[in-house]
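Chemist: Chains as they are written, first to last, in the working numbering: chain D, 1 to 462; chain V, 1 to 348.
Everything labelled a hint here was simulated from the structure, so no lab data went into it. Cβ coordinates follow ideal geometry from the N, Cα and C atoms, glycine included. Check each hint, because a few of them may be wrong.
Coverage of chain D stretches by chain V, computed from C-beta distances (three or more under 8 Å per stretch; other residues unrestricted) [as the list claims (entries may be wrong)]:
hint, stretch
1, 57-67
2, 264-275
3, 394-405
4, 438-444
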Amino acid sequence: MAFTLLKELKHLTEIKEVKTFKHGIHPNDYKHYTKDLPIERMPFVDEYVLPLSQHAGAPSKPIVKPGDYVYRGQLIAEPAAFVSAALHAPVTGWVKAIEPREHPGGKISEAIVIERDPHSPQTLLNEHPIDWENLRPKEILEIIRLGGFVGLGGAAFPTHVKYAVPEGKHAKYFFVNAAECEPFLTTDYRIMLERYDSIFLGIRIILKLLGSEKAFIGTETNKWDAIELLRSLKPDDIPVEIIPLETKYPQGAEKMLIEAVVHREVPSGRLPIDVEVVVNNVGTVAAIGDIFQYNQPLIERVVTVTGPGIRRPANLLVPIGTPLTAIIEYCGGMTDNVRQVLFGGPMMGIPQRTLDVPILKGTSGVLFLTDYEVVPRQEYPCVHCMKCVDACPMYLNPSLLGMLARVRRYEDMLEHHVMDCIECGSCSYVCPSNIPLVQRFRVAKTLLREQMARERAKEKKA
Amino acid sequence: MKRQKPRLLLTTSPFIKSREDTAFMMWQVNYALLPVVLASIYFFGISAILIMLVSIIGVVVPEWMYSKRKGTPVNTVRDGSALVTALLFALTLPPGIPLWMAFVGALVAVLLGKLIFGGLGYNPFNPALVGRAFLQAAFPVAMTTWSPYGNLSNFFEIRGANFAIPFLKAKVDAVTMATPLAQLKFDHQLTRLSDLLLGSTAGSLGETPAILILLAGVYLALRKVINWRIPVGIFLSVYLTALVLHWLHPERVPDPVFHLFAGGLMLGAVFMATDPVTSPITQRGVWIFSAGIGFLVVIIRVYGGLPEGVMYAILLMNALTPLINQVAQPPIYGMRRKEAREKKRNAS
Numbered sequence: 001m002a003f004t005l006l007k008e009l010k011h012l013t014e015i016k017e018v019k020t021f022k023h024g025i026h027p028n029d030y031k032h033y034t035k036d037l038p039i040e041r042m043p044f045v046d047e048y049v050l051p052l053s054q055h056a057g058a059p060s061k062p063i064v065k066p067g068d069y070v071y072r073g074q075l076i077a078e079p080a081a082f083v084s085a086a087l088h089a090p091v092t093g094w095v096k097a098i099e100p101r102e103h104p105g106g107k108i109s110e111a112i113v114i115e116r117d118p119h120s121p122q123t124l125l126n127e128h129p130i131d132w133e134n135l136r137p138k139e140i141l142e143i144i145r146l147g148g149f150v151g152l153g154g155a156a157f158p159t160h161v162k163y164a165v166p167e168g169k170h171a172k173y174f175f176v177n178a179a180e181c182e183p184f185l186t187t188d189y190r191i192m193l194e195r196y197d198s199i200f201l202g203i204r205i206i207l208k209l210l211g212s213e214k215a216f217i218g219t220e221t222n223k224w225d226a227i228e229l230l231r232s233l234k235p236d237d238i239p240v241e242i243i244p245l246e247t248k249y250p251q252g253a254e255k256m257l258i259e260a261v262v263h264r265e266v267p268s269g270r271l272p273i274d275v276e277v278v279v280n281n282v283g284t285v286a287a288i289g290d291i292f293q294y295n296q297p298l299i300e301r302v303v304t305v306t307g308p309g310i311r312r313p314a315n316l317l318v319p320i321g322t323p324l325t326a327i328i329e330y331c332g333g334m335t336d337n338v339r340q341v342l343f344g345g346p347m348m349g350i351p352q353r354t355l356d357v358p359i360l361k362g363t364s365g366v367l368f369l370t371d372y373e374v375v376p377r378q379e380y381p382c383v384h385c386m387k388c389v390d391a392c393p394m395y396l397n398p399s400l401l402g403m404l405a406r407v408r409r410y411e412d413m414l415e416h417h418v419m420d421c422i423e424c425g426s427c428s429y430v431c432p433s434n435i436p437l438v439q440r441f442r443v444a445k446t447l448l449r450e451q452m453a454r455e456r457a458k459e460k461k462a
Numbered sequence: 001m002k003r004q005k006p007r008l009l010l011t012t013s014p015f016i017k018s019r020e021d022t023a024f025m026m027w028q029v030n031y032a033l034l035p036v037v038l039a040s041i042y043f044f045g046i047s048a049i050l051i052m053l054v055s056i057i058g059v060v061v062p063e064w065m066y067s068k069r070k071g072t073p074v075n076t077v078r079d080g081s082a083l084v085t086a087l088l089f090a091l092t093l094p095p096g097i098p099l100w101m102a103f104v105g106a107l108v109a110v111l112l113g114k115l116i117f118g119g120l121g122y123n124p125f126n127p128a129l130v131g132r133a134f135l136q137a138a139f140p141v142a143m144t145t146w147s148p149y150g151n152l153s154n155f156f157e158i159r160g161a162n163f164a165i166p167f168l169k170a171k172v173d174a175v176t177m178a179t180p181l182a183q184l185k186f187d188h189q190l191t192r193l194s195d196l197l198l199g200s201t202a203g204s205l206g207e208t209p210a211i212l213i214l215l216a217g218v219y220l221a222l223r224k225v226i227n228w229r230i231p232v233g234i235f236l237s238v239y240l241t242a243l244v245l246h247w248l249h250p251e252r253v254p255d256p257v258f259h260l261f262a263g264g265l266m267l268g269a270v271f272m273a274t275d276p277v278t279s280p281i282t283q284r285g286v287w288i289f290s291a292g293i294g295f296l297v298v299i300i301r302v303y304g305g306l307p308e309g310v311m312y313a314i315l316l317m318n319a320l321t322p323l324i325n326q327v328a329q330p331p332i333y334g335m336r337r338k339e340a341r342e343k344k345r346n347a348s
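So here's chain V without its partners, still in its complex pose (with noise of 0.2 Å):
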């Protein structure tokens, strides 16, 4: 008889794996983003498309000369992470932002953001909003200009400044409107919850279809690419804190749901605490994280200078993380009970 003889590879078990690896999870965030991301086109035109162009320009150019540069096969642009970031960096701009503006952002998000730690896995900051905050710091007034909310009718009006030239004062007399929490914050003028939830209100570009972003999140919790935890904490977070504000002062502070629904808390809390490079690694870590963010949600908002605190709630519970995975650990197996804890203890 002949006998066979194949080839055998050598490995160590398991031998079998989960197909779901980073480019999967990577792309269905992309996917779930598809939605929101049309609906700010639908609100905000031409503008929109813009923005989120120069951003992905931005994002992720260096990343693939990053890659290349590195001679890593890891490739961040195909498995789709750097279009995360780039999408979700332009979500948070306002329409009418200058696109040099967004364009410079874009390249702090990614490069001070993300390759100048290491690329994929190692920022301690999500990317998007190390961008964001720099545009806040360095243009305030262009963070803050809101453009009106339209629809399909004026699809191609550009609006606000998005064609003004670097550093020069932008002479324009565009039409302007206040989000829901500047209105609150300066004018005591409360909006309806259904044009929070229909995103009918001014705002960054992903700060609107409340509805969307919340379905997007649920879809994304069933495929387990994020975390349920993390969102959920955040809205308990946020509800509580707000209940307990609004029961102190009743005049400043409206009803609890209002903060729920306003402003980026949907798009914060779904697309951007979730990021699990910055976000702890346990469940218990997750749970003291998202709390975290809810609560100082609503303290910068109704405390704070600003309208808005989502942002740097996020970023200063991105830099709490280590800790809280240092001080989230659960114990091992064999010492989940109290008296195998006690008895070690004794022992030692």
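Next comes chain D alone, as it looks inside the complex (with noise of 0.2 Å):
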């Protein structure tokens, strides 16, 4: 008790800087496994396995044939549309198979093979900095597009899409996400401190390319010592400003970010450039500048495996397509009450039915949750004590969402704006009754979208 009062005192002293939304929840943030371990190159491994469908969007178009020589850094497969990303092997050696494999997504699906040359010395093909500077803000998206960028917050989301602003939008603020609101992940983190050059020349060339006013760092308070360097280190002549924000889930969710931050909120159904923002990742960020430095396209990440289920906890830069379990003989191995594993973090992460996985280029984090986190709990009726009410980002009411939910009334959870329920998980996690109230709004949602595109098809129709 006593120490909660501290803390808020502390907090209170602080409080005139740090700026958050309203509503949201308080876990613990389980930082400390990965917090103070330092980025480590993890060997390479004999086999990567690429996902053609690893963002948002259309999946890429393989361009190689089985049998091929690739060099670390080629393109291997294209942007099948303007929503896609471009794919490029993470290392040299050859197309063993194009073949269905296991997705983290939990279904089985087409992937490029690549088998490591053991000889290779696995430089980048065509190292060198390119000179941004002279490029034409056109020809720099051209270059984001095919470096095969795309959100590594963990919705993976193709960048180059964000910064396609259309006709008529202009983005005033650009936004660096370095919030890492889920618990357990310190990817972002340890990006900030180890690489703010990167970010730095990553914002600079962002800003040229989107005529932005302002560039805005956002950071949660658990995070000071990078705010803190970020801001000694900041250079004078980009305007950037690092913002702390009170350590508080979903911060980092993009609507909410942009709330702590501006005061704007993203209408209904609309994106942030509706209110002139553009959101990025820090990761992203970072390996934006790296493409301009070294001519690097997404092929690696920075990935975090932690839980209280790995032997030893890590910080790992891996190229992209790095099988799980690689990671898993490279970590130690698991702990024998592993009972999940998850790829994300634990309020939004992804649960894997098999460790034949590759890492994705959204994969933030890899999570081994023991017996112990994993208690089944004994669903109560709802008492309507409003804790859902308090916790929703998003201003709804979960608790009536969750009666119409249990009673598959869809449609009239239509009209209490299931759709705008960005899926954080808040609810779920304070309720007293264990009600698994996302849980059922994400079915909700689902069936509703597939109704409403069943309906936009009988309209055309007829």
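Combine both chains into one complex, guided by the hints.
Modeler: Here you go:
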């Protein structure tokens, strides 16, 4: 009690500059597992698996055949549509096959399998800095598009799509999202401490590309040393401000970040660009800095391997496509009581049914939970305690939606804005009755989306 | 290499959860009630213990049978919610009430107040108050006969007619004493504030030590088990309403502070109005709810036939809760600013 009061007091002294959104939850952050471990490069392994669909949008189109020799950083699949991403070979070696493989999303999907050439020095294909200062924005955008960049925070939305600002709209502010509100994950934190030069270069380039007035780096106060470091190293010639945010989940959700810093609300069903904002994960920004420094496309990323179920937690720099089994082996193996393996954090991560899956571009962490964390809980009737209502950052009424979902009145849920749910899981986290609220909303949203698509198709026919 | 093959559990996110569940909240309320219960035993001795025991039996047994019968793993006995109802019901009773009446009231509270609607979470009214309202209607004399408060020296003295035989007129000439509100209403006598605070007045079992209830409320609010806005809203509303009426007719309405500490207001505001099941679900709604309770309490006390109005005020606002929930839903994210709402209106 006294401890929380002290924390609260300390918080009050900082509160003047600390920003946040309304509502949200305060889970334990569990970052101590990997917070102080520097990023380490994992040695190359023999095989890499690159699913063609590891981003939002259309799967990439392969431009290599089995048997081809490819170099590290070489384009192996093109974006198949506007909302799609390029794919590059993460190692030098042979294309072993293009075949269906286990995908971390839970299904089996087409993937390019690359066998490493054990004799290759694994240098980058054509490593050189790009003279971006003399490039026009359009050319910069094309480099980013062919660099295969997607949001590295987890959603893996193709980055060039965000930068292709539609006619008549303007990105006044550029946000670097380093909130990292998911418990356990320390990827963004380590990147800020160790790769600040790439971050600032990335910001410089993106500011030029978007023509934005100002850039913000938003990060939670549990990463205070990163805030201080970035503030001391910040170059004076670019308009960038480091914003401390309250350590509160889901502070890293795009809409909440925008609300906290510039007090604007993205209208229902619209994008941040509608309020003159573009948001990118800090890892993405650093990777964009890297392509202009070394001509290195998105072929590797930092992954937090953490949780009580792994023997040696670590912040690893791994090539995209590294098999999970290799990472587990490198990190000393799992403990015997592992019950759940997640890609991403504990609030919005994706559970794995098998260990035969590769790391994707959007995999921010691998979390190993044991019997102790994974406790089945008895669902109680809703007691209307309003904890969920007070937690929902979108100001929905999860209690009411939960009751409607329980009796499958999905159309009534539509009236109560279920489609605006960002699926952050805050309601399920706080519910004292253990009602799987967000889980039911997801089902409702999927069914409603299907139904709406069917109706649209019918209208088209008629 | 032999590959480890753990049995992996597939569920959907989130995978971590707050450990504060319903049982935790209910037991917290029980712990917070403990000092009030002890104070009540101090003032009313063995009678308080007997009434509470009878209430617990009357509430817990039907709840236990219901859980068994329904076959749900939800056990409202183990999670403490039945005990909360039982204790709160007992604390609203006068110390001299015949035990059989207390038992009947407890049965009504749990059967008609709660289980008939489907048990925990589904009852529209506070079950403890439903039981008390029934007794008030059925046995008005017993419910308004107040024994004087005592202390540890007369611990074993049975107050009033605890052992009266059912349906026979109890022949007791026990000493009675008026509650501060009754004294005010019928004798125009004002009780001292210090007596109200320390509980040295006549009244229901739990109507007495205002300061203890207040402390319990502070504890529960800090633990976030109850919503602090409800008691605070009620106190503000009572104070303001009483202030206005005091200004209108100073001879009938005393200083507003008296209304805050007299009668069952403390117990009602801290433990009963805050029942999550029967109070609104949005913060705006909670303000409306508590303002309504405070207003009604003072109106009933001043203009009503009864000296006390907390029970009816809470029950009436319980009835309004579904309506309040409908009107007090705040606009969702993206709609909170005026321009956004107007745009939407123009579009549709």
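Chemist: Which hints, by number, does the structure contradict?
Modeler: Of the numbered hints given earlier, the structure breaks just one, which is hint 1.
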